[in-house]
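Student: The lines below spell out each chain.
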Amino acid sequence: MKQQYRVSLLLAASALCLPAQAAVSNANYGPVNTLADFNSKFSSRVSAPGSVRFGPNTETGVRNVATVVLKPGTVAGPAFADIAPINEAVPANRPVDAVPRWYTFSFFLPADWPVTADPVTLAHIDAHVPGQAAPWALVATGTKLELKISANHRAAGGDDPASADNSLTRSYPVDTLIKGKWYCFAVAADWRSELRKGLTRIWYNNQNEALYEAFNTYNTYAGARHVPRLGLSASLTPGAAARTLIVDFPRVADGDWPQNMFNASPCKDYPK
Amino acid sequence: MHTKHRFLPLLLAVLAPLAGAQVVTNMGGHIDIDADNPKPIQYTSTALGLLGDPQYKRYFSDVYAKSIEGSSGTIEWVSDPIDRKSMAFRATVVKPATGYARAEVSPKWEYTKTGKRWYALSVLFPADTWEAPTADMIVWQLHTSQNALKGEVTLSPPLDVVAKGRYLFLGMHANELSNKLADDVHATKDGSSKQYFRIAAIETGKWHCFVVAADWSYTPGSGAMKVWMDGKVVYQADKAFNSYISVPGNYLKTGLYVPGVSGMNAQQSLYMGYSYFGGENSTYAEMAAQTKCGA
Numbered sequence: 010m011k012q013q014y015r016v017s018l019l020l021a022a023s024a025l026c027l028p029a030q031a032a033v034s035n036a037n038y039g040p041v042n043t044l045a046d047f048n049s050k051f052s053s054r055v056s057a058p059g060s061v062r063f064g065p066n067t068e069t070g071v072r073n074v075a076t077v078v079l080k081p082g083t084v085a086g087p088a089f090a091d092i093a094p095i096n097e098a099v100p101a102n103r104p105v106d107a108v109p110r111w112y113t114f115s116f117f118l119p120a121d122w123p124v125t126a127d128p129v130t131l132a133h134i135d136a137h138v139p140g141q142a143a144p145w146a147l148v149a150t151g152t153k154l155e156l157k158i159s160a161n162h163r164a165a166g167g168d169d170p171a172s173a174d175n176s177l178t179r180s181y182p183v184d185t186l187i188k189g190k191w192y193c194f195a196v197a198a199d200w201r202s203e204l205r206k207g208l209t210r211i212w213y214n215n216q217n218e219a220l221y222e223a224f225n226t227y228n229t230y231a232g233a234r235h236v237p238r239l240g241l242s243a244s245l246t247p248g249a250a251a252r253t254l255i256v257d258f259p260r261v262a263d264g265d266w267p268q269n270m271f272n273a274s275p276c277k278d279y280p281k
Numbered sequence: 011m012h013t014k015h016r017f018l019p020l021l022l023a024v025l026a027p028l029a030g031a032q033v034v035t036n037m038g039g040h041i042d043i044d045a046d047n048p049k050p051i052q053y054t055s056t057a058l059g060l061l062g063d064p065q066y067k068r069y070f071s072d073v074y075a076k077s078i079e080g081s082s083g084t085i086e087w088v089s090d091p092i093d094r095k096s097m098a099f100r101a102t103v104v105k106p107a108t109g110y111a112r113a114e115v116s117p118k119w120e121y122t123k124t125g126k127r128w129y130a131l132s133v134l135f136p137a138d139t140w141e142a143p144t145a146d147m148i149v150w151q152l153h154t155s156q157n158a159l160k161g162e163v164t165l166s167p168p169l170d171v172v173a174k175g176r177y178l179f180l181g182m183h184a185n186e187l188s189n190k191l192a193d194d195v196h197a198t199k200d201g202s203s204k205q206y207f208r209i210a211a212i213e214t215g216k217w218h219c220f221v222v223a224a225d226w227s228y229t230p231g232s233g234a235m236k237v238w239m240d241g242k243v244v245y246q247a248d249k250a251f252n253s254y255i256s257v258p259g260n261y262l263k264t265g266l267y268v269p270g271v272s273g274m275n276a277q278q279s280l281y282m283g284y285s286y287f288g289g290e291n292s293t294y295a296e297m298a299a300q301t302k303c304g305a
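Protein chains in written order, with the numbering used here: chain H, 10 to 281; chain Z, 11 to 305.
Calculated from the structure, these hints are not laboratory results. Note that the coordinates shown come from a computational prediction; the quantities given were computed from them, not determined experimentally. For glycine and all other residues, C-beta sits at the position ideal for the given N, C-alpha and C. Keep in mind that the hints are not guaranteed to be accurate.
Computed beta-carbon distance windows for the label pairs [what the hints assert, rightly or not]: (1) H:247 to Z:190: 51 to 61 Å; (2) Z:52 to H:165: 52 to 62 Å; (3) H:120 to Z:176: 49 to 59 Å; (4) H:168 to Z:157: 28 to 38 Å; (5) H:168 to Z:164: 31 to 41 Å; (6) Z:198 to H:83: 52 to 62 Å.
Required output: the full structure, derived from the provided sequences and hints.
Tutor: Below you can see the structure in the form of structure tokens.
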């Protein structure tokens, strides 16, 4: 009940466009000015050396960004190049009075982005549960940008354990991707693997109206620890095209507001 | 022998949906006469088989039922505003002082509790009169059967499409618990799983066409859903339960339902095409061909 009350307050306040006054903790909103600053706040995960670069990009202007490059290996398999906030791993099924965790993801497709039929993940929230898909992911297939959700209400062990084969999947088309444009997402989640629990709210490109909201809906796996990763990952064959994505920095907060999250993003001036 | 042959086509028409027919012919679909049938069709295989007979002239009351709240709503059978040679329904709701407003049509006889069922339908927001409402206006829904007189819980529809402001939202609700108030642990509207996804901006003056492939389930870990709007997939889910424990199950309604009228406009109308059903082996192309947008 306490959690429902808190969520209701959040919804009511959002509807009334109340000024930003919620307690913000562990937010890394500030600019990332130097490589040392970047390295102190974010870790990189790469399948090929030298796949993450920090600094301004000529296509996106003077703002510091991370440029990630996805390169196929010599054999078919997973390839990845992404960044994640250091020390960020929110567990599933926290106490009922825990506030939702907030995330922002912003990415930019450069002019040389190859449009191919193979799906490529641009951002995801990794559950760190072996064998399970990310509970939340943004995937590009051709010019289609899709939101993918995966979850399981089962326990990790027992007679009927959770597995990749018995996990639910949901997919929603978000937009048609255009090169040379920033795409920004703000996400609030109370991560739950239990029936009739869980909260997921998603806002897109600075718009007031939410893109997706789910209440009392399980959205992850038992034992999950959630790490937001911004950048590229895919299963590639050796001949696949290499691709580059420009990303802002994944930002996290407790109990925030979508406008606060977008104000720190490259989409802050997009129309409501 | 003569009698058997005469009724064989009717019998096949009735059995066809059970065998997974492509497009169901004896539930939903067109009407020929906007009136109550003076000799109402009963829910028997022989009588229902009449609706699958192309020679039979279908009365409104043979195929559909109206759901109207007081004097707030009307349903008319009118010319299609785009293709004047064909017909459509027009639902109109007038803002009441309090309560809710409703003007919907629902195909008769068709309820699915669990398992596969296809649906096809069309809605049009009139270019000359549609004003973006601040109220939620449900324009079609796959609701679930519920009877307060039998002690059943009032629940939100498993699937609906809501017009609000400039956008259309797909709503999804589900609960695996009992729908009986008398049971110690039972489903509640507030406690059920709820999802809302913004699927499109509303375009007036054109038909929006929907096809739904549902595999209904109230069992967590099973069930599937795929929804197309205007030829594009707007939602897909697998191994995701999507309904309630309700009998006889889920049924289709099109039209306008405004559950909270304070933000609705003084009067609002919506056009709707006929509603169609498919069986287990139906395909998207077959169902899409039944809509106002065509295949």
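Student: Check the structure against each numbered hint from earlier and tell me which ones fail, lowest number first.
Tutor: 3
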